[in-house]
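Mind docking chains B and C on chain A? Use the hints.
Protein chains in written order, with the numbering used here: chain A, 10 to 290; chain B, 487 to 829; chain C, 697 to 1084.
Hints should not be assumed to be uniformly reliable.
[Said to hold, decoys possible] Which residues of chain B face chain C? A few of them, derived with a C-beta cut under 8 Å, are: (1) M530; (2) Q531; (3) S532; (4) R533; (5) K628; (6) P709; (7) D711; (8) T794; (9) P796.
[What the hints assert, rightly or not] Covered by chain C, per the in silico footprint, the following chain A stretches (three or more residues, Cβ under 8 Å): (10) 86–100; (11) 118–126; (12) 148–157; (13) 218–232.
Read the hints as simulated data drawn from the structure, not as lab findings.
Just so you know, even glycine gets a beta-carbon here, dropped at the ideal spot from N, CA and C.
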Amino acid sequence: MADDLEREQSGAAEEVSVEQQLARTDESAAAEQARADADEADAPPTDEQAPGEPRPLDDVEQELLARLERELGDGVVESADAFGMLVVRVKPEAWRRAAEVSKHELECDYLSFIAGIDWQPAPREGDEAGGDTSSPVQPTEMTFGVGGSAGRMQVFAHVQSTKHHWGVTLKTDVDEGHPHAESWVATYPGADWHERECWEMFGVAFDGHPSLRHLYLPSEFEGHPLRKDYPLLARVVKPWPGLVDVEAMPGEEDGNGAQPAAAEAQSADAQSADADEEESS
Amino acid sequence: MIELAVNVGWGTILAIKTIVVLAIIPLGAIILGYVFLLKMMAHMQSRLGPMDPGGFHGWFQLIGDGIKFIQKEDVMPAKSDRRIFAIAPAVVVISTFLVFLVLPTGPDLVVSDLDVGVFYALAVSSLSVVGVLMAGWASANKFALLGALRAAAQLIAYELPLLLAVVGVVVMAGTMSLQGIVEQQQNGAIFGWDGIGNPFVFAQIIGCVLFLVAAQAELTQTPFDMPVAESELVAGYMVEYTGFRFLFFFIGEFGTAFAFAGLAATLFLGGWAIPHVTDPGWSNVLGPIVLLTKVMLVAFLMFWVRFTYPRLREDQLQAVAWKFLIPIGLANILITGALKVAF
Amino acid sequence: MSVDFAVDRQAWRHLADAQVNVELDTGDMILNLGPQHPATHGTLRLVVRLDGERVVSADPVIGYMHRGYEKLTEFRTYPQVTTLINRIDWLSSFANEVPFMHGAELLMGIEAPPRAQYIRNILTELSRIATFLLFLGEMGLQVGALTPPFYGFRDREHVLNLIEAATGGRFHPNFNRIGGLKDDLPWGWVNECRNTMKVVFDACNTLEELVAENEIFQGRTRSIGIIPQEVGAGYGVSGSNLRASGVDWDLRRDGKPYLVYPDLDFKVWTHPDGDSYSRYWVRLQETREAARMVVQMLDRIPSGPIMAKVPRIIKVPEGEVWVETENPLGQMAYYVISKGATGPFRVKIRSASFSNVSILPWLLRGVYVPDVITILGSLYFILGDIDR
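So here's chain A without its partners, still in its complex pose (with noise of 0.2 Å):
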């Protein structure tokens, strides 16, 4: 197969000039017009959801719910959709047991994913009305996404089946008194490593995992950084949009160093307001 489309190319591949490439693409941009039309007319809707429209579930969804609802019975707590994906919230009781009717009921033998989500917003730092861009503005209350929540913080993970192709996101709710959620080692051994990651990240601690330590952050780490309340310590460091650090010629550092530094001042001080107090140290 490979020599034919060789020997096609081989054929075609004479000097193009710059107006019959131009023109061979019009021509199948005409004929791609053609197609577009035509595929707009009877496509299906796409999966472009209007924003804020929740749309209904598919079959496919509705079958992996009504699955899940037989099994797991009054564990589910609420379901939606999600520009095709469906996304079920199940009470942290039945977090083991959904991880086994996925894989055993739902055919989901992929696990392709096991995190944490912290609804909480994250402090504001620095004003915004002083020009200050260190983030974007997200809303100051508490809101939940898909499928609801019940308190501030979530573990939620994503499985498939290979076989069949479809996949379902399951979502449960944690403590935030005594975050700790159970482990899915036993039914999908990958979640060794996302249950550390999630521990580490957010102080989820997960029951029946072997050994809960640290993955990515060295061992005397303290803290959860994904947190909202744990600061992005570049920002806490260097605020933002950050200084030019000014080093004194060298010859000049003792007393000489007013010139040149402030020279540099001007040049960084239209960035930020509170650029001279750093200078005159």
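Just chains B and C now, with coordinates in the frame of chain A:
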């Protein structure tokens, strides 16, 4: 004997020969290293190799490398066994030097034409195993240790096919002395036709291939370079060596390659001899050049294989030696013996 | 010390396989492969416990390249996030941007024009070819052949030149924008691309002859590191690694439609064995397939705008979306949670190599040290992809 204008004692001649051999080892290493390791490897990999040092295609590169190595700081790991760490490279180079002592480059240009020449050469070439083990253990490094243990097993295993290949030649030549073997090839005949003498490569083609494969393994070159597996152990037993000591290992490696190529050329291609050129004066002058040409030919094959093939795993390597090469070597001896008696 | 003989007395021809087990009391040795090691593709540390040359247990220690991307994305606007995610899988960096852009466009309800989709797809497949050519070469290096990596790099240069000509960057193009692309293709690029695909086919043939059909390479990779289907899926192994175990699953064909893959005609390659050789073979075939796809797309690329109408300040409406794509390393996906601001609220980056490497403790039990290197090479992970 060479007629000399001045009457010098045998001691002086021996000293001169020793100094010449000591000079040939690094020179041979540099020639092989430059032509094959730097230039041939580069061209095979669609690059150029060194082009700047020395002006013409970078011929000065290795000599410059040698000078650089000599002036480096002598670093030894803190936990290493200092005396053994220091001696190990010397052991490897000494074994190379001892092989060169019997390698003839002309009818009179041999340091010592032993009657058990080839037996002696193979025996002393295996001294390098001791040097490798010393280096690996004294480095106080787990990677070095792994490399040294692999080397010990490999080098000992491949001594046997080397020997068996040579026995076939010895049976055909009737002598173990290397000068004698060269003479037999020069004056011999293939089925009565003495146009090109009787280079043993034709009659002993199996032995020749066996010898080259075993030599490749003795030199720890790919596909047998487990001890020095670059992508795993980085430099294996040599990993803790820098500067002058590493230079010794490098010279030892390429010097031994020169020695083994020289042995292969002598045993199978006729060594320094050109058939029908028997005038000792001319042979003494042309001999080294002819031998060098044949050595380069053999070395080309060895290095070509080195840069093409992946490496065998340790157990596969041992299986090739014990289950495959040794039976072939034994069969070769049987056939050679039978045919020698028959004809 | 006890000596155990096991000889098959039925057939004397099996005498060569006689085994002598001599039980010596030796201690295990702990060997640190990495974090600085030529075979671990970057700063991966593998703590192996060895019994002689056999691995008793292996524990990967990762995080040397952890840059905290998931935290950083919460402090960036949507266009700024592309500069971050470019650097997750830095060998095929264009392919990392595509799922995030697609997700943002889904949330906003806009669609990039067809020409932009085609160009995005062509550049994604070119990234796939570039990554795989490097893999095909350096897999030879993992098993000891010194020459194949040079051929891989040499032919990869042609593809990188193409990417540079179109986007301005060889490694980190940062070419995607929400709603389309930054610029159109330069003059003559389509023709140059066609010529380069011929070079790619030649390179694949050369590397197949030099590496895949070499007996020593086959002896080093066949039956080494077999990943069974269920185990692989349970650990989350994806992409060519899973297809080499016989699982017929390719997100370009089987996942939610993205870019122009629904219109393309391509074959998904699988291999039943699941060993290192089959992983090499699958990627070799996929390189050729990617080149064929590029040629198909070059024939059909439409003219038109390359950017949809987007507001100047991009605010993505509230919502959640999960976008998964078939990246060269495997399944790469983003779970984007947006609250209607100019930047995302939470982005979960699901990178392929993280799961591919998590199988190592299971996979490396009982193999020899050289096989560890072969397996690491055949799984083909990138440190930036593991550590994010």
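Each hint, compared with the structure:
| no. | hint | in the structure |
| --- | --- | --- |
| 1 | M530 | holds, 6 Å |
| 2 | Q531 | holds, 4 Å |
| 3 | S532 | holds, 6 Å |
| 4 | R533 | holds, 7 Å |
| 5 | K628 | holds, 5 Å |
| 6 | P709 | holds, 6 Å |
| 7 | D711 | holds, 7 Å |
| 8 | T794 | holds, 6 Å |
| 9 | P796 | holds, 4 Å |
| 10 | 86–100 | holds (count 5) |
| 11 | 118–126 | holds (count 7) |
| 12 | 148–157 | holds (count 4) |
| 13 | 218–232 | holds (count 5) |
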